[in-house]
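**Q** What follows is each chain in one-letter form.
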Amino acid sequence: NAGVTQTPKFRILKIGQSMTLQCTQDMNHNYMYWYRQDPGMGLKLIYYSVGAGITDKGEVPNGYNVSRSTTEDFPLRLELAAPSQTSVYFCASGGFPNEQFFGPGTRLTVL
Amino acid sequence: RKEVEQDPGPFNVPEGATVAFNCTYSNSASQSFFWYRQDCRKEPKLLMSVYSSGNEDGRFTAQLNRASQYISLLIRDSKLSDSATYLCVVNLYTGNQFYFGTGTSLTVIP
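So the sequences go chain by chain: A and D. Residues 368 to 478 (our numbering) make up the first sequence, in order. Residues 10 to 119 (our numbering) make up the second sequence, in order.
Honestly, I wouldn't trust all of these hints.
Said to hold, decoys possible - The list that follows gives simulated cross-link-like pairs (lysine to aspartate or glutamate, EDC-like), each with its CA atoms no further than 16 Å apart: (1) Lys411/A with Glu426/A; (2) Lys411/A with Glu12/D; (3) Lys88/D with Asp48/D; (4) Lys411/A with Glu14/D; (5) Lys51/D with Asp91/D; (6) Lys11/D with Glu426/A; (7) Lys54/D with Glu466/A; (8) Lys88/D with Glu24/D; (9) Lys88/D with Asp66/D; (10) Lys54/D with Asp91/D; (11) Lys51/D with Asp405/A.
Said to hold, decoys possible - The calculated label-pair distances, taken between Cβ atoms and stated as ranges, are: (12) Leu478/A with Asp48/D: 21 to 29 Å; (13) Gly430/A with Asn64/D: 36 to 44 Å; (14) Ser451/A with Arg10/D: 17 to 25 Å; (15) Ile379/A with Pro23/D: 36 to 44 Å.
Honestly, the hints are just simulated from the structure, not real lab data. Where a beta carbon is used, it is the ideal one built from N, C-alpha and C, also for glycine.
Please model the complete structure; the sequences and the hints are all you need to start from.
**A** See the structure below:
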């Protein structure tokens, strides 16, 4: 099992550009999550999904969109990137309310 | 008010020391509790779940006090490899969401 994989590992964007962060899990988990972690801060939930076709906003959803067409994939879309979106993004999956398994993260810089 | 609050530290302790971390949560409806470990520039990984009766895993002991809305983690006989940030995590069944503390930094010194 690869667990949770994320691509890319690093990315630099210019202000106003868009991109999609990919997340795939092979553990057949229903629950998937996107978090961002700013330096010295805790993880903030952006969006989550309780199953294919179902998504919901977390604490900080503005500027992001998600989709969940399959159990395995949960991509995060950034539209019109802003410097405030510079962060480390973690995808996670799990069988709520149990342990979450995290991907290795994507380090995004918006200049 | 933050859902989960932790003392950020840093805690610098010598090898072999015992160190305790505390965490408070604001929502009395919180149902599940966890301690995660995060190494520098890495993803968080589950250290242990926290059960109402308290639980132990080797050198690590977790306690939950629902009345005071308080969780603790005790590390005995600290090793250099215990150096990391420890995240307190709680969730509410109703919201399908996990809430993370900002983490407590631990450095174990030779």
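**Q** Next step is simple, just say for each hint if it's right about the structure.
**A** The hints, checked one at a time:
1. Lys411/A with Glu426/A: holds, 6 Å
2. Lys411/A with Glu12/D: The given pair, whose Cα atoms are some 11 Å apart, holds under the 16 Å limit.
3. Lys88/D with Asp48/D: Roughly 14 Å separates the two Cα atoms, so the pair holds.
4. Lys411/A with Glu14/D: holds, 14 Å
5. Lys51/D with Asp91/D: holds, 14 Å
6. Lys11/D with Glu426/A: Given pair Lys11/D, Glu426/A holds - Cα atoms ~12 Å apart, limit 16 Å.
7. Lys54/D with Glu466/A: holds, 9 Å
8. Lys88/D with Glu24/D: Holds - the C-alpha atoms of Glu24/D and Lys88/D are around 6 Å apart, at most 16 Å.
9. Lys88/D with Asp66/D: holds, 15 Å
10. Lys54/D with Asp91/D: Measuring from Cα to Cα gives roughly 13 Å; hence the hint holds.
11. Lys51/D with Asp405/A: Distance of about 13 Å is within 16 Å: holds.
12. Leu478/A with Asp48/D: 21 to 29 Å: Between Leu478/A and Asp48/D, where Cβ atoms are some 27 Å apart, the hint holds.
13. Gly430/A with Asn64/D: 36 to 44 Å: At 40 Å between Cβs, range holds.
14. Ser451/A with Arg10/D: 17 to 25 Å: Since Ser451/A and Arg10/D have Cβ atoms about 23 Å apart, the given range 17 to 25 Å holds.
15. Ile379/A with Pro23/D: 36 to 44 Å: Given range 36 to 44 Å: holds, Cβ gap about 41 Å.
Going through the hint list in order, the structure satisfies each hint without exception.
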